[in-house]
Amino acid sequence: MKIFKFFISKIFLRKAILGIGMILLLFMANYITNTAARSILSTFQGYQETKYINQKGVYIANLDPNSHIDMDVINENGTQVVYDYLNNSFHYAFYTDGFIVSVPNTDDMKVSLGYMNEEYYELNQFELSQGTDLDFNYQLDEKIPVLIGKGLSKTYPIGSTIIIEESALGRPVTLKVQGVLKQNAYHSNYYALNSKTYYNFLILFPVNEGFINNANIDLQLNGLMDVIILETTQKEIADLREFIENNLGLKFNFFSQKENYEYFNEYYLHSLKIIAITAFVLIIIIACLSIWNALVSVRLMLKDFTINLLVGLSYSRLRKIFYSYFGILSFVNLIVIFAITACDRYGCWLRKDATFATYGLFCLIGMDWFALSVVALLDILIEIVIVESMLWRIKKVPISLGVLQ
Amino acid sequence: MRKSLFRIVDVLELCTAYIFCFFLNVLLDYAKTLDLDSYILKAFVKNFIDYQPLIVLLFTFIVIVFHYQMLHRKKAEIFCKILVGDTVFHIIIRYALDCIMILAFAYILSVLANVYLNFNLTSSLYLVPILITYILISARQVRKYENF
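Quick mapping for you: the protein sequence lines, in order, are chains A and B. Under our numbering, the first residue of the first sequence is numbered 197, with each subsequent residue one higher. Under our numbering, the first residue of the second sequence is numbered 4, with each subsequent residue one higher.
Since no wrong hints were added, every one of them can be taken at face value.
With a straight-line cut-off of 25 Å between C-alpha atoms, the simulated DSS-like cross-links for lysine-lysine are:
#, chain 1, residue 1, chain 2, residue 2
1, B, Lys77, A, Lys591
2, A, Lys499, B, Lys84
3, A, Lys211, B, Lys147
4, B, Lys77, A, Lys206
Quick list of simulated restraints, FRET-style, between CB atoms:
#, chain 1, residue 1, chain 2, residue 2, range
5, A, Arg495, B, Phe92, 23 to 31 Å
6, A, Ala535, B, Ser7, 40 to 48 Å
7, A, Phe200, B, His93, 42 to 50 Å
8, A, Phe202, B, Leu60, 31 to 39 Å
9, A, Glu441, B, Lys45, 29 to 37 Å
10, A, Trp565, B, Glu80, 49 to 57 Å
11, A, Leu546, B, Phe92, 48 to 56 Å
12, A, Pro261, B, Leu15, 50 to 58 Å
If you are wondering where the hints come from, they were derived from the structure by calculation, not from laboratory data. Beta carbons: idealized from backbone N, C-alpha and C, even for Gly.
Pulled out of the complex, with its shape left as it was, chain B reads as follows (with noise of 0.2 Å):
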């Protein structure tokens, strides 16, 4: 991580956005297994689980926002690195295996949360090319900052 664009602070900030996405599934999949004797409560929760995966997909917009605010912050930085010598190239690279690398993370624990509850190993995976895509795009933006 030492010649890493990330910070503790901007590790633990994508770390949360992920972890955020990938429980939300987890918490609309609990839901559905729920048992609710409530025709209510049953028709309440079924107005989020009919759209469980749209619900998903439009939360993982913070993850956009984290990465379009951190390249924006980044700017001086990834200049300054490419001034002493550093390349885009390798850049970009360490930025992709760095998210990558926290994605992991975040995914491997929505996986155990997944067997703790006897859930479908597979159901959040769908997440992950999401995520992965997110990241390479933005990961080209770091093209952007080559000229300060």
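So here's chain A without its partners, still in its complex pose (with noise of 0.2 Å):
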């Protein structure tokens, strides 16, 4: 430790802008390494997600880009018309979110409702921290079974009762707690898979046949825009894609399970290969300019380097010591990313930006932990190839040689 200490303070130190050089450019590496690791994990998250509708015989609605939305031409009956047919037709998994209300909770957090039927329910098996499963079979004049993220557990515990004055129904509406869903539950975009809204702040809504039926147009529309037809076949999807264009003069597309996952490796998995390798030239590129900045470490300190081995320090030792002053700064990088991320998560608690405030140490959550341990891995494994190279050119050089320089 003393001969350590002695190395930090009177070699090291005394050539602070090397050290200054080698933490700028690990740093570069795990932002990188960060940034990169967070983009693959959650596309494949998102992935994960998708899996249960990724079925033989499931179909997902997309609106065609080039389908243009005419107000004028789409009204209450003609949404109704498709519902009905949906209806009688089809099983159908119906969600659809991001309708803000004005739910008091003591995080002052913006609440936005997320709508579903039974069958988009049970295709995604929402796992709960408290209470129990929802019940779809409620009127409409009763009090609502709904699920609420953990945000609003503390305001709102189980059997409470929340009161929605502007809801899908025109009308204020009686929510009741019925259970909890688990910290951080999120749900991924089906068209970027790498992005999620959280479900801590929001409140899941059951909706069955009656509450669609009576639900403004903004709901049904919301609603047709994502919705998952399930056990059909080409033909059936053929007709309703004709019956919803003949009814409110919108072009629907149908994505089964085979398109999909070609969409998935022509795209993602595209897209995916590009970061990885962007990401490792980059690293390659800033391992080279450290490699290089530790010979010039090595070129300036070695005359230290060599009295020290001159009066009994090993190469060992004198690799101990080289490993050590790295971990230091990896350690001190690793704490900077570590802060960037937990201030970029924190960022959305102090915006109110409920759709992406997450729970966790320091608000960070599982994808961030697995990033930085990937960046801790990368991190050692640039600190062994650096180390060895340092060592490898000290021991090139003899020590009376490098005395006398």
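Mind docking these for me? Both chains are given alone in their own frames, and the hints should help you get the complex.
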């Protein structure tokens, strides 16, 4: 420890610019790795989540990008006819969210409503931390059982009621808290799998046929945009597409499991490969710069190292000192990356951005810890390469020659 | 270059450091122009484009490291030059001019890259005063080695 302190205070800190240079280079490598690891993991999480809809006979609705929404043509009768057709001929999973309501809560967050039907609820298998499963057979004039996110559970424990003034029914409704979702429950965007909406400040509202029939056009139309048709055939889907076009003037695409997989392989896998390759190339470049910086350090500190070797310091001891020194530099970087991630997450709480607010130690979630682990692993690898190249360079110079420098 | 502190290896090293800084800027400019149809790639690239000046500025630290180690290594040479009749003033001027020439060469290369890619020619200009500041600061350090 004494010799390590000596090396730090009398050798490394006397040429602090080289140490700062190394910290900055490692920081860049860490930032790239952290970003790439988070992007890749987030996309795979999204892919895992959508696996339940990538089954045979399941088709996901998607408004054709070239189809223009003409609100003069679309009316409640049109959407109602489509829903009647859906109810009579298909099994479908209905989900739509993003309806902001003012529900007082201790964190003063804006609460959004997510409407889903029984089929969607069964497909998703929501994990609850408290309470019981939802009941979809309720009457509209009764208290409607709902699931809430963890953030709302402090203000609204199980069994409490929430009154919502502005609902999709166009009148106030009373909700009863039936269960609390597991913390950081999320929903990935089907068309941007790395983008997530967190359910910590969401009220999951069960909808049944009666509710949809009485709901306003906004809910009906939004629900139709991402509707998932279950246990159906290509022929029935073609009929549905035609039916929607005739009644609403909207052209919908319905993608099957095979098309979704092809889309994934073509679009996501390709993007992930590019991210991985870009990150790898950048890290290699930074690793080369780090080695250059390390060799420069050797060049300038050679005299100090060789004097110590001359008076009895062994190469293995020197190696340990180098590993400890670079370990400290990596640790400093890891702390910085951790702080940046924590600030990023905490910023959502400060901005009252309910859809991205997360719970965890310093607001960090599993994905962030995974990325930090990858960063730590990369630091260890870079550290090994740098230390071994430094020792290789020192060993190449005879001690007597080094001392004379 | 006869009386210069620079050897071919030093010139190459500094030139590579400058080119790296300028081309990193060009690379990030290029990333901005990419018409990415993938949302994931856009989100990934945005993480770097948003902090472009900061990232480039952090990488210019390798130039600081170069100047620092270069002058440290040339301690004895500077002292010897003074011993045989050279002046600190002339050594500083020669050192600064050499660095500026290498900087000009690297900048011209980056301008050519900008012309080739149809980018704004002034996009890398902000790096020039920063790198000149490094040269001036390091040139002042030469005075430190007047007495060996």
